[in-house]
Amino acid sequence: MSEVKRNLWKLVAVVIIVIVVAAGALGYYYQTLQKPHVPKIVTSAVISEMITADPSTEFSNSIMMLSNLYEPLIWYDPSQSPSFVPALATSWESSDNSQTWTFHLRQGVKFHDGTPFDATAVKYSIERTIALGQGAAFIWSPVSKINVLDTYTVQFILTSPTPLDVIASASYAAWIMSPNIENLAKAAGFTDASAWFNAGHDAGTGPYMLTKWDPQNEIVMDKFPDYWGGWKDDQFDKAIIKVVRDETVQEQMIKSGEAQVVQQVPFADIPSLQGDANVKVYTSPQYQNLLGFFNNKKFPFNNTLVRQAVSYAIPYDQIVTGVLHGFGTQSIGPIPYGMPGHFDDLPKYTYDLNKAKQLLTQAGYPNGGFKLLLTYMTGDTREEGTVEMIKSSLKDLNIDLDIRAMTWTEQWSLAQGDPSKAQDIFVMYWWPTLLSPYDFMLNLFHSESSVIFNLGYYYHPDVDSVIDQGYALEGSDKTQAFALYKQAQKMVIDDAAVLFLWDLQDIHIVRSNISGFSYNPAYTTVVFFYLLHSIG
Amino acid sequence: MARGIGQYVLRRAAHAFVVVLGVILITFIVSHVIPGNPAALWVGAHPTAQQIQRATEELGLNKPIYVQFYIYLTNLLRGDLGVSIRTHDTVLSDVATGLTATLELIISAFVIAVVAGILVGVYSASHRDHVPDHAGRLAAIFGVSMPPFWLAMILQIIFSQTLHVFPLGSRMSIQVSIMYPLKTITGFNLIDSMLTLNFVAFGDSFWHLVLPSLALAAYPFGLTVRMIRTMMIEVLQENYTRSGLAWGLPSRLILFKYALKNAISSTVIALGMSFAYTLTGAFLDELIFVWPGLGTYTALSILALDYPAIMGSVIVVAIFYVIINLLVDIFQAFLDPRVTL
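Chains as they are written, first to last, in our numbering: chain A, 5 to 540; chain B, 1440 to 1780.
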């Protein structure tokens, strides 16, 4: 290499280094510099990514975003009484034994594309959702006709008595969208509105509009200036949902202020966060519980006495304190604590080994001796801790429990095969689509023609009929309906149809300089950014 | 030699084609043999039986596996990697965005590792059994043996939580990405921001790159130091080195030109393989630094049994292995005239 060439290389290297360092310093300078027109931004870190953005079909985590972009006819808010509160409908009534429902709509509301909101939009939205038939569209199955009575009145005709208020406030498939979406999609060069939505567009009436759609990493929403609810200066101009898949990183982000709201931090660290003046820890009931389905079609859990025996052999209190660090409660029946249809006076199984042994003896297996398989979701530390305690406890009954971590699809397909070869205990969470005990009872305990979520194969026509009667009455006579739901719950508890493990508590950690946070368990994981205000 | 290289590359490309095809076949079979129900994943959390049935037909999962493989292959030849069952996005765009994010991270990590590793390795070897050598070896052992995710968290605690010098994670800060939005051209933030003269975004991206690169650089750094040191010690004992010194050549010239050139080739091989491995192996580093890379994508795809995504990632990594192998071989021939291609 000649001397000139070498010097040239040195020069190039020096130039590159100078550029890199200068640009870095410049960027850092700009970043730390306070600019006068900085928008007010609130960031919420969430553990799981979003997938689709079509309000008619989305049936997963995008609820976190959709609840800020769209509004339903009715919100469900358990902290208020009555719990059904006006959203796009200001009032509603049912007649004809809850087979006809009439909604009176809010006036002066605009969609994000400028289209005014009216009864036609409601009819259009719900009919589109039904026609697409995906996601949670099945909740509308009792609807036979939607009539536009006048600009601000819409009427639903149903085929059977149904609580349409429950359906209209569902967290999925109940969003109202602009009737102009097909035109918007065509104008932007998309084949249909679904493709347009999933490319990151929205057409709701909600307080925020979607501006950046990167579902695996980050969602940015801007405030909708014409929102019918109006805006105050201390509300946020931009709301960001950031996907942060690690609990400890979420914890670091809330501590450092890089996020203003986080959803999931290690339980063990919550006490120290409760002592941190910069953040506030909010706990509330969450409509989610952990269940262990007994395989009702296979020895030994086809025997009610054995199911009951095992139900008495679970150290519930130890699990709640040891695994959940107290952020949960032992389940009483299938409906989680805090949800309508949950009854504290239903019977529950407590940890009582003598009783368990006595029941096993009565069943004809005084010395246990079973070798059983339990499956749970891989990577879920709460499930893992719980099933390990179950395993060690069942040793006392001389039951050898093989606990196996599986991915959800592996676990599920094992259960959907031949029940005689399936797992003996299937551990999983349930949370409702419809805010009604019916959601739990139907999916988990009602007979089904092919195995979907009744994963313990618990098929009892008498239980089925009580559940169905309850739902038929829920629209017209809530008291009677809930009495029937209670009766059905008692039947499955007495039968020890499943292991009722624990009800989860929701935890949100919010920076102290933000006020107005309130968690609504009806809309799982949602942070309603419109409610938040910055202090100072 | 030019013609030799041309022929060699062609031969290797043919070779590579067979390798990638084999990888595709094996991955396809394995990902389809594992019990699971991708159709259920496709429709969402609490689907009905009819919805699952419909999705099974839409995704072609009701067809025999060889038909599915045939469909997959013909689509692949048209450059269509399919649609991810988990993200509902095309695998090609998912993998492309993940890959550029990961490459930006790995390349900067390896630049740090190689530059620092060679300097420390040479210095260590030339001060054998003295304090600098001990320090260098200690650093090397630290680098190869510390789990990257642990190192990542320690770096976060020290530099962002305590000293507030570097950000916790992500490719850019939220403020900057909103006020100085970056236009995506190549997918590499540093290059894109330079091309669009967005210096704020450049500085911010650079700042965000430091900690994750350092955490990821630890292993290849340790590897480089150890290999360079060992090889250098050997070379420095050779007669020609002694002759060079006796002739009065400057020791820097001997170390970095004559000795290093001989010591470096095996290091390059090891680094090349480690580079390809890191494409998906940087998963934990990406997880902790909220880096939207290929490792995270692949890991999540595997957990969800999202077979089109798994296939896509595997194909990309296989192609990278093949290319890097090729580059390493060519580089060796370039360094050492005795090696013919």
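Quick caveat, the hints were computed from the structure, so don't treat them as lab data. Errors might be hidden in some of the hints.
As the list claims (entries may be wrong) - In silico contact screen, one side only, chain A against chain B (beta carbon under 10 Å); selected entries:
1. I134
2. A135
3. Q312
4. Y316
5. G342
6. P436
7. Y461
8. H464
To be verified - Here are some of the chain B residues that sit facing chain A, going by a computed Cβ distance under 10 Å:
9. A1479
10. T1487
11. I1491
12. N1514
13. L1516
14. G1518
15. G1521
16. R1525
17. L1542
18. I1546
19. L1744
Note that beta-carbon positions come from the ideal geometry of N, C-alpha and C, so glycine has one too.
Q: With a cut-off of 10 Å on the beta carbons, see whether B:I1546 makes it to chain A.
A: violated, 14 Å
Q: With a cut-off of 10 Å on the beta carbons, see whether A:A135 makes it to chain B.
A: violated, 14 Å
Q | Restraint outcome when B:L1744 is required to lie within 10 Å of chain A by C-beta distance | A | At 5 Å from the nearest chain A Cβ, B:L1744 passes the 10 Å test, so the hint holds.
Q.
Let's test the interface hint: is any C-beta of chain A closer than 10 Å to that of B:I1491?
A. holds, 8 Å
Q) Does the CB of B:R1525 sit less than 10 Å away from some CB of chain A? A) holds, 7 Å
**Q.** Restraint satisfaction for A:Y461 [CB to CB of chain B, less than 10 Å]
**A.** Cβ of A:Y461 sits 15 Å from chain B, so the hint is violated.
**Q.** Interface hint for A:I134, Cβ within 10 Å of any Cβ on chain B
**A.** violated, 14 Å
Q.
Under 10 Å is the threshold here; is the Cβ of A:Q312 close enough to any Cβ of chain B for the hint to stand?
A. This interface hint is violated because 29 Å lies over the 10 Å limit.
Q. Given B:L1516 was flagged as interface, is its beta-carbon under 10 Å from a beta-carbon of chain A?
A. violated, 25 Å
(Q) Take the shortest C-beta to C-beta distance between A:Y316 and chain B; is it under 10 Å? (A) violated, 31 Å
Q: Report holds or violated for the interface hint on B:A1479, using the least CB-CB distance to chain A and a cut-off of 10 Å.
A: holds, 6 Å
Q: Report holds or violated for the interface hint on A:H464, using the least CB-CB distance to chain B and a cut-off of 10 Å.
A: With a closest approach of 20 Å, the A:H464 hint is violated.
Hint compliance for this structure: hints 1, 2, 3, 4, 5, 7, 8, 12, 13, 14, 15, 17 and 18 are broken, all remaining hints hold.
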